[in-house]
Amino acid sequence: MSASFPSLFPGMLLDAAGRYAEDHVAQEIQGDPVRELGWTATLVPEEAGGAGGTLSDLASIVEGLATHGLQLPVVETCAVVPLLLQAAGAETAHRWLEAVAEGSARIAPMTALSATPEHLAVAARHLDIGYELSGVVQGVDLTLPATHYLVPVQMDGDDAIFLVDAERVGAPKARYRTMEGRLGADFTLERLAVPESACIARGAAVREARAKATDAALLLTAADTVAALATLIRQTVIHLKERRQFGVALSSFQVLRHRVADMYVKYLGAKGLVIHCFHEYEQNAADLRRTLRLAKVSLAESARACAESAIQMHGGMGVSEEVLATRTAQRLIASEFRYGDRLMHVARLLAQPQSDERVSLSNQTGSVR
Amino acid sequence: MSIDYAGFRRELESFARSACPPEIRAVVAAGQKITKREYQAWQQILNAQGWGAPSWPREAGGTGWDIRQRLIFEEVMAENDCPPLYHHGLGHIGPVIIRFGTPDQKARFLPRILDGSDWWCQGYSEPGSGSDLASLSTSARLEGGAWVVNGQKIWTSHAHEASMIYMLVRTSKEAKKQEGISLLLVPMDTPGITVRPIKTIDGWHHLNEVFFDDVRVRADNLIGEVGKGWTCAKFLLERERLPPANVARLELMRRQVTQLVEEAAQAAAGQRDFGGLHHKLLLCEADVKGARVMMAQATDDLIHQRPLGVQPSAIKMTCADVAQRLTTIALDAVGPDAAHRFLADAGEDVPDATWIQNYMFTRARTIAGGTSEVQRNVVANELLGA
Ligand SMILES: Cc1cc2nc3c(=O)[nH]c(=O)nc-3n(C[C@H](O)[C@H](O)[C@H](O)COP(=O)(O)OP(=O)(O)OC[C@H]3O[C@@H](n4cnc5c(N)ncnc54)[C@H](O)[C@@H]3O)c2cc1C
Numbered sequence: 001m002s003a004s005f006p007s008l009f010p011g012m013l014l015d016a017a018g019r020y021a022e023d024h025v026a027q028e029i030q031g032d033p034v035r036e037l038g039w040t041a042t043l044v045p046e047e048a049g050g051a052g053g054t055l056s057d058l059a060s061i062v063e064g065l066a067t068h069g070l071q072l073p074v075v076e077t078c079a080v081v082p083l084l085l086q087a088a089g090a091e092t093a094h095r096w097l098e099a100v101a102e103g104s105a106r107i108a109p110m111t112a113l114s115a116t117p118e119h120l121a122v123a124a125r126h127l128d129i130g131y132e133l134s135g136v137v138q139g140v141d142l143t144l145p146a147t148h149y150l151v152p153v154q155m156d157g158d159d160a161i162f163l164v165d166a167e168r169v170g171a172p173k174a175r176y177r178t179m180e181g182r183l184g185a186d187f188t189l190e191r192l193a194v195p196e197s198a199c200i201a202r203g204a205a206v207r208e209a210r211a212k213a214t215d216a217a218l219l220l221t222a223a224d225t226v227a228a229l230a231t232l233i234r235q236t237v238i239h240l241k242e243r244r245q246f247g248v249a250l251s252s253f254q255v256l257r258h259r260v261a262d263m264y265v266k267y268l269g270a271k272g273l274v275i276h277c278f279h280e281y282e283q284n285a286a287d288l289r290r291t292l293r294l295a296k297v298s299l300a301e302s303a304r305a306c307a308e309s310a311i312q313m314h315g316g317m318g319v320s321e322e323v324l325a326t327r328t329a330q331r332l333i334a335s336e337f338r339y340g341d342r343l344m345h346v347a348r349l350l351a352q353p354q355s356d357e358r359v360s361l362s363n364q365t366g367s368v369r
Numbered sequence: 001m002s003i004d005y006a007g008f009r010r011e012l013e014s015f016a017r018s019a020c021p022p023e024i025r026a027v028v029a030a031g032q033k034i035t036k037r038e039y040q041a042w043q044q045i046l047n048a049q050g051w052g053a054p055s056w057p058r059e060a061g062g063t064g065w066d067i068r069q070r071l072i073f074e075e076v077m078a079e080n081d082c083p084p085l086y087h088h089g090l091g092h093i094g095p096v097i098i099r100f101g102t103p104d105q106k107a108r109f110l111p112r113i114l115d116g117s118d119w120w121c122q123g124y125s126e127p128g129s130g131s132d133l134a135s136l137s138t139s140a141r142l143e144g145g146a147w148v149v150n151g152q153k154i155w156t157s158h159a160h161e162a163s164m165i166y167m168l169v170r171t172s173k174e175a176k177k178q179e180g181i182s183l184l185l186v187p188m189d190t191p192g193i194t195v196r197p198i199k200t201i202d203g204w205h206h207l208n209e210v211f212f213d214d215v216r217v218r219a220d221n222l223i224g225e226v227g228k229g230w231t232c233a234k235f236l237l238e239r240e241r242l243p244p245a246n247v248a249r250l251e252l253m254r255r256q257v258t259q260l261v262e263e264a265a266q267a268a269a270g271q272r273d274f275g276g277l278h279h280k281l282l283l284c285e286a287d288v289k290g291a292r293v294m295m296a297q298a299t300d301d302l303i304h305q306r307p308l309g310v311q312p313s314a315i316k317m318t319c320a321d322v323a324q325r326l327t328t329i330a331l332d333a334v335g336p337d338a339a340h341r342f343l344a345d346a347g348e349d350v351p352d353a354t355w356i357q358n359y360m361f362t363r364a365r366t367i368a369g370g371t372s373e374v375q376r377n378v379v380a381n382e383l384l385g386a
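Chains as they are written, first to last, in UniProt numbering: chain A, 1 to 369; chain X, 1 to 386.
Derived from the structure by calculation, the hints contain no laboratory data. Be aware that one or more of the hints could be misleading.
Under 10 angstroms between C-beta atoms, here's a sample of chain X residues computed to sit facing chain A [said to hold, decoys possible]: (1) R272; (2) T328; (3) D337.
Being a predicted model, the structure only gives us computed values, none of them experimental. Cβ coordinates follow ideal geometry from the N, Cα and C atoms, glycine included.
Throw the hints in and build the complete structure from the sequences for me.
Structure representation (structure tokens):
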């Protein structure tokens, strides 16, 4: 069957992530595997001690984890953080990227899981000495311990990024289990005083970094969805072949055969769309953001239909969290609401039918098939 | 004597408003999962009023209401955020005991359903027997004047809070798998019963596995004839697919979801496009109206003992479909705000996120009580022949 589900981003990174996920999927997350495995170094340039890898490399890791149903905030810690840090001046960026790569600073973006890094929830005000930050950020991923938060802010009509000690921010107002089984938290910053040095970037560089982080988050979440779809369908096929009712395998019922066939065809379409997105990204296409929004809307539709089909075809097992297909269905639906939901992206697409959301990106090459 | 339906409705309305405790109405209004606590308190209030069993005949302790009164009752209760009646006792096993039980069984079990002191769950499905229920293998053999039960049930809703289980057991092996099945009533505190919770995608605890290890049950807890339990099971399943509250509850849900969408649209201030959701809501509104008439006709047939045909299947499919569409709309409306708040640290329900739980929970509407594929087979067999 594996021939029906070829890897999107094959290679050693995929294999390693897959093995790790397979071994750890049934356990509570211990420590900080993302940093211990060195994944935060993936996008960090070599001069800063990183691997100088591409988004496709990171997508390999995302795919490996999604294939075996492990939830880790790889997009947040390994893509959003290093890409936002690039907005800082060369020396500051270098210092923090180095710390990210070696795992000595555990930086989490203080952004809502449901919004893109372009969404600004926090405002900064310049004081005589230092700044104060105010705002409410709901649904920050706190699955892994953080020493610092990276906060995109609005400041006197300008854009800025702050790097703030986690201790200074203090505990979140509330903690939750997210739909996909991560730890989410709501923060309320009430005139939080931070030193002058906390403001690490301002102006056009910030906007460019936020746009890059947004594109990366959308791309990687799409890769997660396609990998999860493959797992969902693979598990459903196994179930239909193994489960017997009325003296025959479920796979002998034509209605179920057609339903799984529909899922597979949707998966192929979704995969094609994601490959197209990565190509546009690699070619620095002018239309990239529009394509990413389209993909977001389309993948949400396909993924939900497939998730619901898989649940249905598993019968009672489809509602039990012990079943990988069930958890994968949950993951797919949760992913719809990450980095903007379909209603938000549709609103933006309808408001801007022509592409005018140009984002310039340095041309990175990847190995996407 | 002709019935004053308008007066009847007013009487119910004022009762629902004054008698149903606000904390129970709040749970229903918020779309939270209703547990034994709410069901039981409300059942006791209704019973004290003499309305403990709206669907039972008077001689069994019911209200003896006619079809129209029963539908009015369901609508008024749903309109006023009162909990539905607890189906396993009143809707499922109660009518079976009334129809197939001995006078002694009626005397022992029916009053305790009415006053809410017994809490029932349904032990039908087994790990190897879901859609193919008749292949079940949990066994009961007569030994020293008692049935000795061994085996396992699964997906047993409410087993962790139930005091009684009605279960299908194999009492003999016959050539035809539907034969040799019996319906047994078993107290949940009988030694040898173990209940293990199942974690479900909705984050609520309602499903369980139930294990039976040499469980001894008094011989006169078997309903109907030995080996003829399938007849009772089919009688019961037909009713399970026709719960009178279903459509009234759909209308309640439609109102809740409509409000949710309005609030979300307002909060989004043009940043999200709600056009598609409004369109879907209108279709649900229309479908609920159609379902309401389907339901009334089927209930009328039930009362006049006319054959129900495919109606239970058609109504179950329709209600399941509309419920799923409504909670899907709710999911779309609250998703961005609620997907990360799925479960609070302390385990209590979070407003809005409750609707994501409801979305997950209603996935089971096309699975439990006979899957939609099985219902389609019933309808297709009627139209095309088996
Ligand atoms: C929330 C919930 C509550 C439940 N509560 C109870 C309870 O209280 N007591 C109890 O006894 N049971 C309960 N059940 C179990 C329920 O009745 C079974 O899940 C249901 O009958 C399906 O059986 P299964 O899970 O074994 O699925 P299977 O029968 O294995 O079905 C798997 C898939 O195959 C399809 N399929 C099966 N046969 C055919 C066919 N001939 N043609 C086409 N497709 C087919 C099904 O439609 C389904 O999509 C509950 C289930 C759920 C989800």
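Evaluated hints:
1. R272: holds (4 angstroms)
2. T328: holds (8 angstroms)
3. D337: holds (7 angstroms)
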